[in-house]
Amino acid sequence: MNKLRRKSLLFVLGFLALINGLYSSIAAPNDYREKYDEIFKIQLILSVIIIIMVLVMAIVLLRKYKSNEAISPKEIKVFHNNKLEIGWTLVATVLVLYLFFISLPPTENFAAANNKQADVTISVIGHQFYWEFAIEGVVNSSFTSLNFTTGEIIPLVLFQNTTYLLKVTSADVIHSFFVPELGFKVDAVPGHYNYVYLENIQKGEYRVTCAEYCGVNHYNMPGLIKVV
Amino acid sequence: MATERKTTSYWFLDYKKFFGTIDHKQIGMLYMMFSFVNIVFAGLLALIMRAELYNPGKDFVESRDWAGYFTVHGTVMIFFVVMAMGAGLGNYLVPKMIGARDLYWPRWNNIAFWMLVPASYFVWSSMAPIGWTAYPPNAIVLGGDKVDRWLIGLILAGTSSVIGAINFLLTVIYLRRPGLTWKKLDLFTWSIVFMAFIQLAATPVITIGLVMEFLARSLGATYFSTNAGSSPLFWQHVFWSYSHPAVYIMILPAMGLTSLIISRFSQTEVFGKVSMILSMAAITLLGFIVWGHHNFTASPNSPPGWFFTLTTFLIAIPSGIKTFNWLLTMYKGKIVVDVPFLFAISFVLGFVLGGVTGVMVNTIPLDLVFHDTYFVVGHFHFIIIGGALSAVSGAIYFIYSDMTGRMYNRKLAYAHYIFWVIGYILTFGSMNVLGALGMPRRYYDYSVLSILPNYDMIVLFNRIATIGAFMQGIAFTIFVFNFIYSAFKGELADEKPYNIAIPRLWMTDEEWEQLENMEVMH
Amino acid sequence: MEEEHEHVSGMAPIVGLSFAVTGFGLLEFSQGNYAMAFLLVGIFLAVVVGSVVKEIKKRSETVEAHEDEEVPIQFKKDPIFGFMGKKLWIWIFLISEVIFFTLIIGLSFSLRLVVDEGLGYREIAKFCGLPTDSNLFGLYPAGWVDQEGRAPHEVLDIPLTTLNTFVLITSSYTMVKAHEAAEKGDFLGKWGARNYLLMTAGIGATFLSIQVFEYVSLIINENFTVQSGLFGATFYLQTGFHGMHVLGGIIMILFMVYKIQSGAMKDSSDVEITGLYWHFIDVVWIMLFTLVYLV
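For the record, the sequence lines run as chains F, B and P.
According to my numbering, the stretch in the first sequence is residues 1 to 228, in order.
According to my numbering, the stretch in the second sequence is residues 229 to 750, in order.
According to my numbering, the stretch in the third sequence is residues 751 to 1045, in order.
Each hint should be verified, as a subset may be incorrect.
Claimed, not checked - Each computed DMTMM-like pair below joins lysine to aspartate or glutamate, with the alpha-carbon atoms no more than 20 Å apart:
1. B:Lys639 <-> B:Glu719
2. B:Lys560 <-> F:Glu69
3. F:Lys203 <-> F:Asp37
4. B:Lys560 <-> F:Glu75
Claimed, not checked - Chain P side only, calculated, beta carbon under 10 Å to chain B, not exhaustive:
5. Leu767
6. Ser768
7. Phe779
8. Ile842
9. Phe851
10. Leu861
11. Val865
12. Gly990
The set of hints was computed from the structure by calculation and includes no laboratory data.
Since the structure is predicted, the reported quantities are computational estimates derived from the model, not experimental observations.
All C-beta atoms, glycine included, are put in the ideal place defined by N, C-alpha and C.
Isolated chain F, as found in the complex (with noise of 0.2 Å):
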């Protein structure tokens, strides 16, 4: 029995570890990304710990309790410990606080990315069923993502000293410009703006996807930010 407890315990401290691991070997390729992988470790082993406090709960008060004798409504009893409920009330409070304020200075730098200065404005318009890049105040610099003859993917290429704001809006319907690997996404809403701002990023090509339905082909909707 004591073995078997240990090794479960083993188990688990191994499996925290991995997440640890996992998290901490893939370098992020921007900040918003490396947040984000901050964040999720955070909260994947707390929710691991959460997770296996309830199963070895639930394990141990059922196995300790189990019986099959019926008993009289007059038998019933009630159980109530206040200082207990206070004592995890707390507890709770604190946990949420705490994942509360580490999630707020990305929030504020995401919100505010409209007041940031950055070397370039790139708008970026989403249309049913292809991205639309154009560098603001550089006549002509407007192309698709996609070549509609041979169905090619054009890549919007970034350098990797310049900083950008990413101005996204849609001509037709709610689309979201989400690009996974940099840890961001934010919807293409006509008549209406919503701003990304982008600094160092590291060199590669990221897949760019449309993440809000907008018809059809929905899921067929590429795109790719190429960082040099």
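Please build the complex by placing chains B and P on the supplied structure of chain F, with the hints as guidance.
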């Protein structure tokens, strides 16, 4: 051992009773049957969608049809399965729990049920490719009458739920047994009270929204059009300020059922009853001010995202309290492990899994990745399928002998349980992984994601999700078979089917008094 | 047989299922077949009216109170809700209605605050700490005007509506008198509840006809429709829903008149319930009149 009290009655075979019954138990059963019919077909839609996603690329469904399937699947599962189950079990159990003969308005009860039938017809016949959120401009520019049918169906369903809500509130307020004060009221009845309150307060919001979208489609009204100064985002706020509380319409009765089942089968009273009630009240009220967490990526700077993150995080506190109260209810009990109890434990598991993923989705830096991906899909399916539907299945097994006078087949019920739990953990767990890998939801074909570095994993987890979905399909087939077969051929039920005393259900006046004079132990 | 009869209702499922007819009516409406739409909604209303009339007739034939007419004894002793007696349901229903109208009026007016530069959204937003770039919920200041750039007071016929407001307030007065008479037990007299109720219904109908006249003249003469910007869209949403509630109130009053006439009316609480609903509609109109027409 058959007793006189329980004899099987096939009342529903008489068409006069089938349509015209105003008995709360029979209307409750009608709701459950209605919900079963809907879950079978909406579940089939889900299986078709999962089968299409088993392999990347197009297999046997067209993209437009596929979009119709996920719209109808979502809408039907929410309005005509889970909410109908809540109304059905409320109908069946609430009068018993409060010692009333029937609901306060028996005939309005019948009307509310039969209104749902045309409502479901309109939703089923719509197959509108819009998603259950029906975001304009997509939902407005779409021609034909598909979206109109969908809107009409939901307006009718909303009206029905308001009538049901008023009826439940009147019943609990008017018809409680003398001496049954609000404090002594059991947790299931409390959960129905909170559910009815949300329905009453939130349904007007969606009705207005649906009417606005309806007028925008049929008369070209400019509620959401950008050149009139409005915005499609306006709909999102109207829609979610109903639809977030609507989530609690689905989960609150399930919470009540879990409290009921766990305490009955542990043969103790619920641990910390007052805090359970306060938690439900907190969830109900906070539910009205969290809707903005659906819009973190839609308009990141307004309204302020931090406010909605905070309020949503606060909901985690009462949810956590409830979870630990359920677990501690078993403490020093005499637990009879039987089918309904196992399903209640499955609810707790699904609720915890959905809860921790919910906390992740609510954190803005994570939501920037998870929003509108399979992570969200996995999250709310854990809550609704793993949580609410588990509790509902448990409750149906619990009252099965009382409904039909016969006992279900226990072996089949255990098979149902095992397939169900493994199925939903596989499906929705792998959906969470898919979301974290970057697969957006409502994707008909994920071969376009082949450029992502983890594409192999995406294919693998899609396959696991499909396998899990089919396991759930098998589980539900067993359930439906067991339900129908046992109603006709099952063993006649004992008076005490679970070898436990079941307070507040099937009780005599003396037992009521004993229960009311219960001592509190510290 | 007697017990069989009690647990089965023939009318209820017909009423429930007849909502399908309304649904098809709405569907015809959305496809532009207005005549068919009104016919179908009319059939639905006929079913509802027929079933209620049948019910009242049935109750007038029995002496004892119907099961949902009696208030349970233990409820009367309830410390919180006990005093409400039979009126409880209308209060619960009114909660839902209050939320409904608060939302319609509130949403429309907040839209106006954001979209209309003249109402000083920026100052209010600054005061509340909201973003002042006017994109709260994605809205922007396009002005509270119709497609031709006309403000509310240039389009709407305010003298006519003021008159209409007085008409509706008068009906509230007759409703109060009807309740007073019912309390005294005077149902069928010359100045009894029945006649006052008929008067109220008549004045309500006058209000509705003036409103229909206003709609027609706005649409034909002013080319002011639901497509006339957010102003037009919210105008018809608010006044239209209010008008539908007035229609519902008139039908309810007529049921009460029939109930008195057929002798099924046993005390004044039904008149009081109708009165509460009617006064609620009046209050909503006064809010609407102020916020839609005058501001």
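A quick look at each hint next to the structure:
1. Taking the CA atoms of Lys639 of chain B and Glu719 of chain B, the gap is near 13 Å; set against the 20 Å cutoff, the hint holds.
2. For the hint linking Lys560 of chain B to Glu69 of chain F, the alpha-carbon distance of about 14 Å falls within 20 Å, and the restraint holds.
3. A hinted pair counts as satisfied when its Cα atoms are at most 20 Å apart, and Lys203 of chain F with Asp37 of chain F qualifies at roughly 19 Å.
4. With a C-alpha separation of about 12 Å, the suggested pair Lys560 of chain B and Glu75 of chain F falls inside the 20 Å cut-off, and the hint holds.
5. Annotation: interface hint on Leu767 of chain P holds; nearest CB of chain B at approximately 5 Å, less than 10 Å.
6. Using the Cβ-Cβ criterion of 10 Å, the hint placing Ser768 of chain P at the interface with chain B is satisfied: the shortest such distance is roughly 9 Å.
7. A hinted interface residue such as Phe779 of chain P counts as satisfied when its beta carbon comes closer than 10 Å to some beta carbon of chain B; here the least separation is about 6 Å, so the hint holds.
8. For Ile842 of chain P, the suggested interface contact is upheld, since its CB lies about 5 Å from the closest CB of chain B, less than 10 Å.
9. Of the supplied interface hints, the one on Phe851 of chain P holds, with its beta-carbon coming within about 8 Å of a beta-carbon of chain B, less than 10 Å.
10. The criterion of a C-beta within 10 Å of any C-beta in chain B is met by Leu861 of chain P, whose closest approach is roughly 7 Å, and the hint holds.
11. A distance limit of 10 Å between C-beta atoms decides the matter here; for Val865 of chain P the minimum to chain B is near 4 Å, and the interface restraint holds.
12. Against a cut-off of 10 Å between C-beta atoms, the interface hint on Gly990 of chain P holds, since the closest Cβ of chain B lies about 9 Å away.
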